[in-house]
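Starting from the structure of chain B, add chain Z where the hints point.
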Amino acid sequence: MNDKLIIAGKSYNSRLLVGTGKYKDFTETRAALDASGAEIVTVAIRRTNLGQNANEPNLLDAVPMSKFTYLPNTAGCYTADDAVRTLRLARELLDGHSLVKLEVLGDPQSLYPNVIETIAAAKTLVAEGFQVMVYTSDDPIVAKQLEDIGCVAVMPLASLIGSGMGILNPWNLQLIMERLQVPVIVDAGVGTASDAAIAMELGCAGVLMNTAIAGAKDPVLMASAMKKGVEAGREAFLAGRMPKKLYSASPSSPTAGIIGSVRS
Amino acid sequence: MITVSINGEARQFPQTITIAALIEQMSLTGKRIALERNGEIAPRGTFATQQLADGDKLEIVVAVGGG
Numbered sequence: 001m002n003d004k005l006i007i008a009g010k011s012y013n014s015r016l017l018v019g020t021g022k023y024k025d026f027t028e029t030r031a032a033l034d035a036s037g038a039e040i041v042t043v044a045i046r047r048t049n050l051g052q053n054a055n056e057p058n059l060l061d062a063v064p065m066s067k068f069t070y071l072p073n074t075a076g077c078y079t080a081d082d083a084v085r086t087l088r089l090a091r092e093l094l095d096g097h098s099l100v101k102l103e104v105l106g107d108p109q110s111l112y113p114n115v116i117e118t119i120a121a122a123k124t125l126v127a128e129g130f131q132v133m134v135y136t137s138d139d140p141i142v143a144k145q146l147e148d149i150g151c152v153a154v155m156p157l158a159s160l161i162g163s164g165m166g167i168l169n170p171w172n173l174q175l176i177m178e179r180l181q182v183p184v185i186v187d188a189g190v191g192t193a194s195d196a197a198i199a200m201e202l203g204c205a206g207v208l209m210n211t212a213i214a215g216a217k218d219p220v221l222m223a224s225a226m227k228k229g230v231e232a233g234r235e236a237f238l239a240g241r242m243p244k245k246l247y248s249a250s251p252s253s254p255t256a257g258i259i260g261s262v263r264s
Numbered sequence: 001m002i003t004v005s006i007n008g009e010a011r012q013f014p015q016t017i018t019i020a021a022l023i024e025q026m027s028l029t030g031k032r033i034a035l036e037r038n039g040e041i042a043p044r045g046t047f048a049t050q051q052l053a054d055g056d057k058l059e060i061v062v063a064v065g066g067g
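Chains B and Z, in that order, are what the protein sequence lines are.
In terms of our numbering, the first sequence has 133 at position 133, counting the first letter as 1, and numbering is strictly consecutive.
In terms of our numbering, the second sequence has 4 at position 4, counting the first letter as 1, and numbering is strictly consecutive.
Keep in mind the hints are simulated off the structure, nothing from the lab.
Owing to the predicted nature of the structure, the values given are computational and were not obtained by experimental measurement.
A portion of the hints provided could be inaccurate.
With a cut-off of at most 27 angstroms between alpha-carbon atoms, the simulated DSS-like pairs for lysine-lysine come out as follows [claimed, not checked]:
1. Lys-244/B <-> Lys-67/B
2. Lys-31/Z <-> Lys-24/B
3. Lys-67/B <-> Lys-31/Z
4. Lys-31/Z <-> Lys-22/B
5. Lys-10/B <-> Lys-67/B
6. Lys-10/B <-> Lys-144/B
Here chain Z is said to cover these stretches of chain B; the calculated rule only asks that three of the stretch's residues, wherever they fall, bring their Cβ under 8 angstroms from a Cβ of chain Z [stated by the list, open to error]:
7. 42 to 48
8. 92 to 103
9. 109 to 122
10. 132 to 142
Note that the Cβ used here is the ideal one computed from N, Cα and C, for glycine as well.
If we strip away everything but chain B, and leave its shape as in the complex, we get:
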């Protein structure tokens, strides 16, 4: 089936995007990424440890940029200014790579996005030539504004980051998808494979997750489950589900030839 996810003109086979945080070690990170089939992986940008051990294992060795599309994020940023600075550093770090994930948080307890700072940062980044995939709330008006600014994908939360609460407001996600032309990717809140399938059945272009995989008892097995959940949901969306009815007067088996019935 030729059904590619297209972001900023580049096509991807996998509609599952995954984070690289919270794993036991880089070996587990890589095994989970491979099981997930993800091509786009988020990474964080952090200060280097000044007393660094030269032989310390490195994310870039375990998750090579030749095999994965890096999506540097602005996790932990609470202002537009910090987010913009972080992504400028990311672009320098990754040899001019311009595809980025913008997220500007509102408070450390909920990690709910601050959409005002997000919009301000998005404007600056788009003007500087970044291809911005933007994490936001599930507000359809804000989502549309982010598209109008020039973001290449809009990524509303399904529920709070790391909560695993699933898709709390499918109606808002549908409102967003109705209004936007760019890919709408559910980012945050997915807890298990059925959540990913539901997001895809709604018509989302993809799902981005980290904790749902890294926080499972067996992350590698959950990564495989998520791959299937996303694929199943996508196929169901494309197939077009049957309408829901309270009951059906049309059984699945033939109504004729039932034993004991009287022939007329």
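Showing chain Z alone in chain B's frame:
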């Protein structure tokens, strides 16, 4: 003597040095890093020519696992 803030930590040097020399002192030569000097990106290609000045604020970053 100059004082330079590196990732929020004050470091003193007997005299001014280039960014490249600083990177070498920190055993970061050849590592994939990015550097911001006083809020502006210092491109890798300029490390050998940029001289640090007293009061400079540097941020040196790497990619780490994250969601």
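Results for each hint:
1. Lys-244/B <-> Lys-67/B: 43 angstroms, violated
2. Lys-31/Z <-> Lys-24/B: Roughly 23 angstroms separates the two Cα atoms, so the pair holds.
3. Lys-67/B <-> Lys-31/Z: 19 angstroms, holds
4. Lys-31/Z <-> Lys-22/B: 23 angstroms, holds
5. Lys-10/B <-> Lys-67/B: 15 angstroms, holds
6. Lys-10/B <-> Lys-144/B: 22 angstroms, holds
7. 42 to 48: holds (count 7)
8. 92 to 103: Per the Cβ count (3), the hint holds.
9. 109 to 122: violated (count 0)
10. 132 to 142: Answer violated; 0 residues pass the 8 angstroms Cβ test.
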